[in-house]
Amino acid sequence: MSTPAAELSEQEAAIYDRQLRVWGVETQRRLSGAKVLIAGCGGLAAEVAKNVVLAGVGAVTLVDDTPCSRRSLSNFLVGSTTPDDTTVAEASVATLQEMNPFVKVAALPGPPEAVLAPDVLRQYDLLLLCDQPASRIAQADVMCREAGVAFYAGVCRGIFGWAFANLHQHRYIVERQEEQPDGSTSKHVSEHNASFATWEQATSCSLEGVNMRRFSKLYLLIRGKLLEGAQPLCWLKLRRALQAVVSRFEQQQQRFPTAADADQLRALQQQVFGEMGVDAAALPDEMLQAYAAYGSDMPAINAIVGGTLGNELIKAVGGRNEPVNNFFLFSLAEGGEGVVECLPRPKPAAPAAAGSVAEEILLQPAKMGKVPIRLKEVTYMLSPFQQSVMGGLWKDLPHKAAHHAHNARDAIIFCVAPLVGIAYYCSAYKEAEKLHHRF
Amino acid sequence: MGRDKTLSSGTAPPDTLHTAGSSQDVLAWPWAATGEELKQRVQDVKVLAVGAGGIGCELLKTLVMSGFKHIEVVDLDTIETSNLNRQFLFRKRHVGKSKALVAAEAVKQMRPDIDITAYQGNVNESRFDVDFFRRFDCVLNGLDNLEARRHINRLCLAAEVPLVESGTAGYLGQVSVHIKGRTECFECQPKPTSKTFPVCTLRNTPDKPIHCVVWAKEMLFPLLFGAPEASDLHEAPPAGSGIDAAAVTRNIADDPSCYQRAEGESSTHFAERMFRHLYCTKINELRNMEDLWRSRRPPQALDLDALRMPAYGDGGDQPAAIEAGVPATASSACKELGLSDAHSVWNDQQNAAVFLRAVALFLDGRSHELGSAQFDKDDLLAVELVTAAANLRATCFGISRQSLFETKGMAGNIIHAIATTNAIVSGLIVVEAMKLLARSFASCQTSFLQVSGSKRLVSRMSAPEPSAACMVCSTAQARLVLNANKMSLQQLVDKVLKGRLALIAPSLWCGTFSYEEGEGLEEDEITRNRKLLLLPLAQLPGGGVVHNSILHVDDQEQCFKAQLIITHREDWDDEQHPEGFYLGGDLPPALTEPSVEAAISETASPNEDVVSLTSDDDGVAAEAAARPVAKRKAIEGNTDSSKRPRT
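Sequence lines, in order, name chains A and B. Here the first sequence is numbered in the working numbering, starting from 56 and rising by one per residue. Here the second sequence is numbered in the working numbering, starting from 47 and rising by one per residue.
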């Protein structure tokens, strides 16, 4: 998608050393040729921008004309001493440029929606919309498809955070290290192709056959259709309804609601939703409380979703590793897991259906994403090459003996213990027998 | 569960939310995450961030943004260029400065109203003792090595401070919570130890690239430039140590002095002599030991003259510096030779040229380091030398060669690291810290970051229970406050060990000092003990029992083991603590007192003088209390049955 830049300079190689060991020189070169546009400069955008700038993307452009006096407090890129009349985009650009001088960081004038013009979009490889309403996401998704620009959207609200990806048609490689029987490792590279569904398809598809109990409630909240058969409720309307509940509470009580005010909120919800003609049963009780604090985002969740989005952006422009297709959902209300959902659900028998999952081109038809991946514990900071030399044959003999004894501990327990046990039992039995006869 | 409790227990008026007592309330997680009550707690607590590196930078940022106001940070390291790709609080101009100080300064810029203290130091230092840790409500780890993690784990256990532990490598990462008595401690699960290679494989029969790299780094490098005794390359085992080994090593062992530069020998000449010695003489010696090569391919010696780079072959085009033996000032052999791509694999000629040039450059340009040089992954010349030496050896043994970049990673134990993983992990750490503040211990979890393509990029597992077999956390630990200058050993034994801990025949040791009681002691031991008992604790032999000493107490008869961490206090208030000591911690309550059941049932005892079982599950406490009883019964049972012969 992007034109790879020339060779890495020596300085770049020194700074990028650790990440070159993760994704290699080729990906780094592709990254440095990519142009990324980020619209909306809240806490989430700050996280993603920081991540892609550090990674060494060629150019990053920010769009948000909110003055610093009214900025989101979770944007850590805006320093405390910034004059109030600069826009958040400009203030963030200054910090980002200092973070990595190899990246061209710039700000475009105008509000975030100013990017929704084909002429603007065509100058970039990728657009990321941060904390924008659903209507704008839908609009941007259509325009990006027309302009051939990869599209990402991310939203963090209260204890929820999610990201949506639409890379249209995306080619990528997966590199696997395989351990050979003789102990050496070999690299195995496979090429894949994935096609993505549009936002429209992803939020209006049928959920037939989906196990609702294990399905992400957050997706339902995004989609605005909370339970099967309940009245459809668009994201914006839901937000308005929730805000109406919360603001009415604040008017009545003269304070911000807390978790302890559940009953009162519930009563208010019935009342307000009734007035607005919305089915109150559509909203799980707890979600309401979480939204009581709707106005703020949690920096911790910004970091989690922003880190994931950073990874996804790097995968998208680097063309390496399987990207998220097409939702990443993180909700503290659902156990703090980061779930990947593909919607509409791929039909296993019909790969030609719109928005089907990654098809493997070169590999045998073992479907990606169908292979269960076991939990893998990170070995605390031991690199694959962690090493130390064992002393010479006669050095440190007691330690070696202890080491071997420890290794053979199970063998000792299972092989020697029964023998000793039986011998002991026999002698004890003989003794008892003797005593028994004596008396 | 926790949520129901809060919801049903009515509502506290908002203006009294941050009074002292309320900080013990269990909040409804996750709904409280954005609530005012938790926000207030976040502002009030004091947290310790250990490490200001990859995870540390992200963590400090996330903490400050989340509203944490009182933060302390410890880090020993200084900033390096290769940190700048992910440790985003640092700039190029900061290279060489303390990570902790620069990071603290940077986050202070983000939120000037925070109170942050930075320490540049090793967490193993004595100033970071149990008392230091006890000041915090929560300890958050962003470390890069196992030793420091273990140390912090033990201190947190001793100080009874909850610990959030984390680690990342490439795209993978994990965050876990360790609360004493409630979840497993960091050392409950065995941790992988570093990989070791048998020295004979390295010396005689390497078969992987890493063997050659370790040989070059650990054996050859110290032999040429460092302290020769640090190398195992020329070591000979003592005589009569088995026939095979002796036969093998008689050939291999050689005089270390041949690796020293002779009087008047030029550096270029020395390099060539080393090349011939290592890759021709030694390889041929090995090849002659036919026992080794029955099932392996024998090594091939290298011929230096055949490997000279064409340009240098006749010596005509050789750089003047090499010919004339002029002291070289260049720091890189590759640059001189025009090998700029760190990712390409050199051929044998290039390897030979780099080896010769690097040895010569080291001898000429850095003669002051000779005899004490140590391998450092950021030392370009050393990495070049190791790469070339390892590759030449790999050629001899028919192993694949590695690029400079790869070799640097292997020799330097470099951990793959990217900013995104650290950011996600920092978010997960702060989420866990907020759960701890909400006192919602049941929702604490271990989170794992998974490789891309997984159905769950962040997966979870509820925090496991502590392992009873853990050497670190299952041994009871307690804090013993006393005046070490006043209290005698006799008082310690009678009042604390026998009176409070209900030991029958206590034995104790502290450093080199030990004391034992019970049957079967010799006459002279009893007289020695009598003298010792009268001494104040601080004057006992072996440095005495003083502030921060760890007193190991055990009672063989009860199978009881505990560690008492001594806190010395001079200004002792006899009225408040008439017994002359104060004991806190998770030890089982004294058995001599009839109120064992009472002590268990009233868990959160406000009177700390009573051995408290606060915040423990009833079941755990009961089990701990019951342990000595059960043991004693079992002993009685045994003696009974042994006295009564079967008829």
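Warning: the hint list may mix true and false statements.
[As the list claims (entries may be wrong)] DSSO-like, lysine-lysine: derived pairs with alpha carbons at most 27 angstroms apart:
1) A:Lys450 with A:Lys402
2) A:Lys242 with B:Lys138
3) A:Lys159 with B:Lys544
4) A:Lys402 with B:Lys138
5) B:Lys154 with A:Lys242
6) B:Lys92 with B:Lys143
7) B:Lys254 with B:Lys423
8) B:Lys138 with B:Lys154
9) B:Lys154 with B:Lys254
10) B:Lys138 with B:Lys254
11) B:Lys544 with A:Lys272
12) B:Lys423 with B:Lys138
13) A:Lys455 with B:Lys254
14) B:Lys607 with B:Lys544
15) B:Lys92 with B:Lys115
16) B:Lys541 with B:Lys143
17) B:Lys143 with B:Lys154
18) B:Lys254 with A:Lys242
19) B:Lys532 with B:Lys544
20) B:Lys501 with B:Lys532
21) A:Lys450 with B:Lys501
22) B:Lys541 with B:Lys577
23) B:Lys328 with A:Lys450
24) A:Lys90 with B:Lys143
None of these hints come from the bench; they were simulated from the model.
Cross-check of the supplied hints:
In summary, the hint linking lysine 450 of chain A to lysine 402 of chain A is not supported, as the alpha carbons are separated by about 64 angstroms, beyond the 27 angstroms threshold. For the hint pairing lysine 242 of chain A with lysine 138 of chain B, the CA-to-CA distance comes to about 35 angstroms; that exceeds 27 angstroms, so the pair is violated. With a C-alpha separation of about 73 angstroms, the suggested pair lysine 159 of chain A and lysine 544 of chain B falls outside the 27 angstroms cut-off, and the hint is violated. Taking the CA atoms of lysine 402 of chain A and lysine 138 of chain B, the gap is near 51 angstroms; set against the 27 angstroms cutoff, the hint is violated.
Between lysine 154 of chain B and lysine 242 of chain A the alpha-carbon distance is near 45 angstroms, which puts this suggested pair outside the 27 angstroms criterion. For the given pair, lysine 92 of chain B sits about 26 angstroms from lysine 143 of chain B by alpha-carbon distance, which is consistent with the 27 angstroms threshold. Of the supplied pair hints, the one linking lysine 254 of chain B and lysine 423 of chain B holds, its CA atoms being roughly 20 angstroms apart against a limit of 27 angstroms. This hinted pair checks out: lysine 138 of chain B and lysine 154 of chain B have alpha carbons roughly 19 angstroms apart, not beyond 27 angstroms.
Annotation: proposed proximity of lysine 154 of chain B to lysine 254 of chain B is violated, straight-line Cα distance about 49 angstroms (limit 27 angstroms). Between lysine 138 of chain B and lysine 254 of chain B the CA atoms are separated by roughly 38 angstroms; this puts the pair beyond 27 angstroms, and the hint is violated. A threshold of 27 angstroms between alpha carbons decides the hint, and for lysine 544 of chain B with lysine 272 of chain A the separation of about 59 angstroms lies outside it, so the pair is violated. Taking the CA atoms of lysine 423 of chain B and lysine 138 of chain B, the gap is near 20 angstroms; set against the 27 angstroms cutoff, the hint holds.
For a cut-off of 27 angstroms, the pair hint linking lysine 455 of chain A to lysine 254 of chain B stands: about 24 angstroms separates their Cα positions. Distance restraint check for lysine 607 of chain B and lysine 544 of chain B: the Cα-Cα separation of roughly 14 angstroms lies within the 27 angstroms cut-off, and the hinted pair is therefore satisfied. As the CA atoms of lysine 92 of chain B and lysine 115 of chain B are separated by approximately 7 angstroms, the hinted pair is consistent with the 27 angstroms bound. Between lysine 541 of chain B and lysine 143 of chain B the alpha-carbon distance is near 52 angstroms, which puts this suggested pair outside the 27 angstroms criterion.
With a C-alpha separation of about 17 angstroms, the suggested pair lysine 143 of chain B and lysine 154 of chain B falls inside the 27 angstroms cut-off, and the hint holds. Pair hint lysine 254 of chain B plus lysine 242 of chain A holds up; C-alpha atoms about 16 angstroms apart against a cutoff of 27 angstroms. As the CA atoms of lysine 532 of chain B and lysine 544 of chain B are separated by approximately 19 angstroms, the hinted pair is consistent with the 27 angstroms bound. For the hint linking lysine 501 of chain B to lysine 532 of chain B, the alpha-carbon distance of about 64 angstroms lies beyond 27 angstroms, and the restraint is violated.
Between lysine 450 of chain A and lysine 501 of chain B the CA atoms are separated by roughly 50 angstroms; this puts the pair beyond 27 angstroms, and the hint is violated. A C-alpha spacing of about 18 angstroms is found between lysine 541 of chain B and lysine 577 of chain B, which places the hinted pair at or below 27 angstroms, so the restraint holds. Note on lysine 328 of chain B and lysine 450 of chain A: the hinted pairing holds, with a Cα-Cα distance of about 23 angstroms set against a maximum of 27 angstroms. Straight-line distance between C-alpha atoms of lysine 90 of chain A and lysine 143 of chain B comes to about 33 angstroms, which puts the hinted pair past the 27 angstroms bound.
Hint check: violations occur at hints 1, 2, 3, 4, 5, 9, 10, 11, 16, 20, 21, 24; the rest are consistent with the structure.
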